[in-house]
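Here the protein sequences come in this chain order: A and B.
1 is the number of the first residue of the first sequence in full-length UniProt numbering; add one for each residue after it.
1 is the number of the first residue of the second sequence in full-length UniProt numbering; add one for each residue after it.
Calculated from the structure, these hints are not laboratory results.
Honestly, I wouldn't trust all of these hints.
Below, a sample of chain A positions facing chain B; criterion: calculated Cβ distance under 8 Å [claimed, not checked]:
no., residue
1, Thr59
2, Arg78
3, His80
4, Ile132
5, Gln134
6, Gly139
7, Arg144
8, Gln172
9, Gln180
10, Glu183
11, Lys248
12, Ser286
13, Arg549
14, Gly554
15, Leu557
All values reported here derive from a predicted model rather than from experimental measurement.
Ideal Cβ positions, reconstructed from N, Cα and C, are used throughout, including at glycine.
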Amino acid sequence: MDLFTEGDPIADAHAPQGPIETRWARRRFEAKLVNPANRRKLTVIVVGTGLAGGSAAATLAEQGYRVRSYCYQDSPRRAHSIAAQGGINAAKNYRNDGDSVHRLFYDTVKGGDFRSRESNVHRLAEVSVNIIDQCVAQGVPFAREYGGLLDTRSFGGAQVQRTFYARGQTGQQLLLGAYQALERQIGLANVEMNARHEMLELIVVDGRARGIVVRDLVTGEITSEFADAVVLASGGYGNVFYLSTNAKGCNVTATWRAHRKGAYFANPCYTQIHPTCIPVSGDHQSKLTLMSESLRNDGRVWVPKAKGDDRRPKDIPEDERDYYLERIYPSFGNLVPRDIASRAAKNVCDSGRGVGPGGLGVYLDFADAIGRLGRQAIEAKYGNLFEMYERITGEDPYEVPMRIYPAVHYTMGGLWVDYDLQSTIPGLFVIGEANFSDHGANRLGASALMQGLADGYFVLPNTIANYLAAGPFERVDASHPAAVEARRDVEDRIRRLLAVNGDRTVDSFHRELGQIMWEHCGMERSEAGLRKAIDEIRALREEFWRRVRVPGDGEGLNQSLEKAGRVADFFELAELMCVDALHREESCGGHFRAEHQTPDGEAQRDDDRFAYVAAWEYTGGDEPVVLHKEDLKFEYVHPTQRSYK
Amino acid sequence: MNLTLRIWRQSGPEDKGRMVTYQVDGVSPDMSFLEMLDVLNERLILAGEEPVAFDHDCREGICGMCGLMINGDAHGPQRGTTACQLHMRQFSDGDTIDIEPWRARAFPVIKDLVVDRTAFDKIIAAGGYITAPTGSAPEAHSVPVAKADADAAFSSAACIGCGACVAACPNGSGMLFTAAKITQLSLLPQGQPERYTRVIGMVDAHDEAGFGGCTNAGECTAVCPKGIPLNTIGRLNRDYLRATAKRGGTPGS
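In isolation and in its complexed conformation, chain A is listed as follows (with noise of 0.2 Å):
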């Protein structure tokens, strides 16, 4: 293919061997350490307060680190994280119900369509247990039995209740644990925080990560930060679709301007569409709302039989409707992984048996449900999202069946890390959603919210010790010629965005972007798409660069200023997930190329050719990336046709 080479290979992610429970006991044990004392001597940037940023910066900071933490909204309790609704999963096994660390990690490693490295998601079901008993510690109010014990619930892809929920605001409940763990470090002078501050350079000395260039949102003032080590942990680049169940400002920018200055990008065309979003009601939408895949615990998935029927849901008849999900995944049912409900759900309105305006969504019923348990029981579950819909739709879901759509919810791509969540810039370490590491491709329900406290309070801490046992590094300071390159790229950059001063918004080439990435890189990808897909962004950023209108100037807040910062980065981004998802000629978890599919339509891996992590790397933005393999070796979990029928 025209549009990349290919490099050397990966030949070593660092893992330590040995049989797969003792490799994490024995990396902790093999990795250099960091006293004391030392440690107050050594200083990290955490770029991102959301669950991975934010207990990273505090576990740091308790253990002696000096950190500076950064985040571009007016408060690091309002990272993204914050709205994840439905639960944490965990290896607990408190409801006897045959879980164990090797479930978790079995069901991860199959869940991501074997495309996850087996030693990373092993030591994610290891610490899964250590993240419960944190965040009880913290006060996190999670829901309890009458007996004072946890309660758990069951989520796709799982046949055991192993997630922990607060209602239906576990991530707001986890988030504001790690954001009081921070506060207190904040308090006590051990974290300086730098809210409403923007990442948009890293500065990289000898080869090592060694600061950031960051942009004060509110004075518009840029400055250099150093440090011994930067932890990126800006989450993910769902947005580039434009409409996502994302906050608005969620962005690529951190983690692009590293991948630009030699980190890896990994895997970028995995996205995660979630099938239990609110349809769009129009062209103004600015965004996409979730409602939890909990609710598939209860709720029942359906359409009705006949093409184009459009009686009211209560006046169709039971034997009317098509229960899909049950119907062709009986063990499963409604609790089959998101690839898998997403794609059903775009079959069955392709096929002309959507509901709603144009057709595009599904039924989510909970008659039954309330039938067999009560509203109160209902209520009681998920009472907040119940309202939310209703305010969102206008209509009321314990009366008339949710409609929900699928939308683009999380990226398992990100930068690529070693086994120690280090980048191949070293000193640059990449947590949480921002980098590659766990979910393959195609993430479980209520393992974001474990991967961003396992990377945050448990792994990161103890990893990064090692890399910073050989620092103190020589001291740099602003004059320093790589500081001071990087800081005028972002001074040209904001001065040419202001410049154009064409006639057309940011936010109109945002959604026209989104709308090729939705069509072509979205739920079903084609060789023809993927290519037409590249011509039309390349075009598109092109226009973007000649007739954007930024308007004000960079000496204040701007948001403008912000927002075109970020959507310029989603180009570049976009075109790299279209390479990524042409060169891949197979289909595996939230990535379905049409051409490949068994004969009823189910995703067809190809493991003889495709067993790797695509890790590409950024060559000016003129010359074909250059594609690094990582491959995969399954030792533990036997690749098969992912079954949940």
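Fit chain B to the known structure of chain A by using the hints.
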């Protein structure tokens, strides 16, 4: 729907600020309030004018970043709803809508409708936590928590820190915000060891940040998008009284 908006414009902290009138036509009842402002801003940008700055992020009522006084009501006319979740079907064609920032001494205006709420973070930093450094936690089931306490703690923990309570309060008090966190943590067994130092630290930080005192006006709870009840403030006061008694001082000293 066609609407007349009167919006507070203020170029920066030093600017005096003023209400400016805009006309917005073709608003769909299915739009959220912020999407209606997006429509206005798109038009202003193309007309060469400065768009209206307002804070927002998740647009699903949970991050707490948005906050607007809409016709004098914090977050607008619909109870239990943040500005981002307010939909235009709550308004009628031809309405005139006043849009202003939170106004409180502790929340200075940065620009237009954007205010600085870091005072809330300072209150949390002064004690709104349970000290449990990573790695030190006991097994989660070693301490059972009565379901009623866990549920009540959750209800207080649902606070999103938006600041509507402060904006609605005639005294600009942040007591509902402070009390919500105190209530959550004091209901849990894990929160007991720091219970009394916490309340003193947080109340002191609250007062230092320039928030006013509580006089039980109750406006805070009426506008709270998460329905945090007024009796949390009673709980705060009780704990504060006990804490000062333990310290041997007088309340408020």
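Here is how each hint holds up against the structure:
Among the interface hints, the one on Thr59/A holds; its C-beta lies about 4 Å from the nearest C-beta in chain B, closer than the 8 Å criterion. Because the beta carbon of Arg78/A sits about 5 Å from the nearest beta carbon in chain B, less than 8 Å, this interface hint is met. A hinted interface residue such as His80/A counts as satisfied when its beta carbon comes closer than 8 Å to some beta carbon of chain B; here the least separation is about 6 Å, so the hint holds. Restraint check, Ile132/A versus chain B: the minimum CB separation of about 5 Å is within 8 Å; hint holds.
Hint on Gln134/A holds. Least Cβ distance to chain B is approximately 5 Å, under the 8 Å limit. Taking 8 Å as the C-beta contact cut-off toward chain B, the hint placing Gly139/A at the interface holds, the least distance being around 4 Å. For Arg144/A, the interface hint holds, the least distance from its beta-carbon to any beta-carbon of chain B being 4 Å, beneath 8 Å. A hinted interface residue such as Gln172/A counts as satisfied when its beta carbon comes closer than 8 Å to some beta carbon of chain B; here the least separation is about 6 Å, so the hint holds.
Annotation: interface hint on Gln180/A holds; nearest CB of chain B at approximately 4 Å, less than 8 Å. Hint status for Glu183/A relative to chain B: holds, with the closest Cβ pair at about 4 Å, below 8 Å. A hinted interface residue such as Lys248/A counts as satisfied when its beta carbon comes closer than 8 Å to some beta carbon of chain B; here the least separation is about 6 Å, so the hint holds. Interface hint at Ser286/A: satisfied, since its Cβ lies 5 Å from the closest Cβ of chain B, which is below the 8 Å cut-off.
For Arg549/A, the suggested interface contact is upheld, since its CB lies about 6 Å from the closest CB of chain B, less than 8 Å. The criterion of a C-beta within 8 Å of any C-beta in chain B is not met by Gly554/A, whose closest approach is roughly 14 Å, and the hint is violated. The closest approach between the C-beta of Leu557/A and any C-beta of chain B is roughly 5 Å, which is under the 8 Å cut-off, so the hint is satisfied.
Checked against the numbered hints listed earlier, the structure breaks hint 14 alone; every other hint is satisfied.
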